[in-house]
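Mind docking chain B on chain A? Use the hints.
The residues making up each chain are set out below.
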Amino acid sequence: MSILLLVRLSKGAGFADAYSLLSRPFWPGSAQREWLDAAVDLEQLAKLKLLEDDNRRLRGLVGLQNNGEGDGQVSAAVISRTTRGWWQQMELGKGALQGLSAGDAVLGPGGLVGRIQSVTPATSRVKLLTAPGNEIGVWLPRTRNHGLLVGLGTSRPQLRFIEKDPQVRPGDIVSTSPASTMLPANVPVGVVQSVNERAVPAPHAVVQLIAAPEAIDWVQVRTR
Amino acid sequence: MVRLHRQPICVASALVVPILTLSNPAWLGVLGVGPAWAVLWLLPWALVDGPVSGGIAGVALGLLLDGLTLGGPSQVPALLLLGWWWGRLGRRAPPIQRSLNLGLLSWIGSVGLGLSLILQLWIQSGGTLDPWMRGWGLQTLWSQALITALLAPMLVSIQLLFWRRRAPG
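Going down the list, the protein sequences come from chains A and B. With our numbering applied, the first sequence covers 1 to 224. With our numbering applied, the second sequence covers 1001 to 1169.
For reference, chain B alone in the conformation it holds in the complex:
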């Protein structure tokens, strides 16, 4: 059985991420903030396909999402690191598949992504962040981490199930 990144249908599934990011359903969010769809797709991909594929997928997804947003901070660094880290975790036995573990990893991933964006905003504004902007950043970070972690057990489990069948380790 070939690896995930050699199966076009699995690679094409990444297109769901920009579509969901653009559609941004208002009812699926905490305080108006939607989940980090990139994290929810990248986690099972990296767990199944390994650190190199995870890192490359993270960069590709980050570039795609950066092209769909206003610019400024980039998602590429955080997604690269997350893809690589989750890929390494996926190489360990026993395989990660419990709902709590998946929720926790998604939560950490979403917080990491948010912190990298806040850090870039902080650097761009010359090392100071307006208190209002800091409050907004933290609120967005926690809201996104919460909804991402809540969705992860459902969505990531299903993807893991399908992808492990297509590319058994």
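Just chain A, with the same shape it has in the complex:
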């Protein structure tokens, strides 16, 4: 009787542990876990799709540029690239005939790579984010600050701030601005690698780009 009472008070701890030990060989295997993961991924994709649809609808209401899959997206092969050297550019195998034009954003796996600078009927020339003199406005989602991403020729562009205290720290994600009309909104660009808070007149940071142009053979162009 006292044993049963003990079992009752311990909420069947001994039995449950013993059952766990004995039934371990019959536990769901890794395949089942993968099914579960796949289901979670699917659920997240569905949620993402719904959010994107919602986002597109709201952006349409406030008159901002759309960011959805339905906008003109053209895949193009990289037929020439110079990621180091005096000019940092890529040539794409599609041009004006496919609807591309100067100013279109070029995306690689991971995020923004650059913008089209000029087009011919069959090719486009992309100015990479790292190219000297290249400047685009970016956004830090965590601090909700704007900055200017400036290419200096090096593989990591510089992020310049307007505020004296932008409260940025290494690891922060850098994306295109949600209010941008020049570039697709909320596209990941890079990650803040280091911050120089003593820089004059305002702090600046070094950004590691997410999409590495050295390794990209195909890109997506968001036409405007």
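FYI, nobody ran anything at the bench for these hints, they're computed from the structure. The structure presented is a predicted model; accordingly, all values stated were derived computationally and were not measured. Cβ atoms here follow ideal geometry from the backbone N, Cα and C, with glycine treated the same way.
Per the computed footprint, the stretches of chain A lying under chain B, defined by three or more beta-carbons under 8 Å from a beta-carbon of chain B, are:
(1) 82-96
(2) 131-137
(3) 149-161
FRET-style restraints, in silico, Cβ to Cβ:
(4) B/V1052 <-> A/G137: 48 to 54 Å
(5) B/V1052 <-> A/P201: 48 to 54 Å
(6) B/L1150 <-> A/G137: 39 to 45 Å
(7) B/I1123 <-> A/G99: 34 to 40 Å
Just chain B now, kept in the frame of chain A:
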């Protein structure tokens, strides 16, 4: 025997320069920077064909390459001066053909080209260059000069051989 610039096959060989510049083989470079193909073509051309032809070839090549790049700094001034200078050197006896001399001239040409680009960048940015950009510029300059000078004894010698046969001085 007619001069090089009157032989269409020799003039057409200049098209190799933009093709090589666009293809930019990644394995042929120092720190990802490829050689100055324009320098490697222009040096033997100017040595064989003289200063006027060298200068004109430099301008033509510079304009062609400027059309293939993003804009900003131009290669025309440096290539014009290099073509003219190498053309004058080619008029002197004995003819320049030793590997070391060709490598050295290519190295000087590549450094000159790089310095002219840095100078233009400096002027465009209002007389100041960001330290990071300065470091990138110098690294690109030295990397390109090194790989250009290493390739010159092979490539420039072969071109000199062919072109001197077609247009003996």
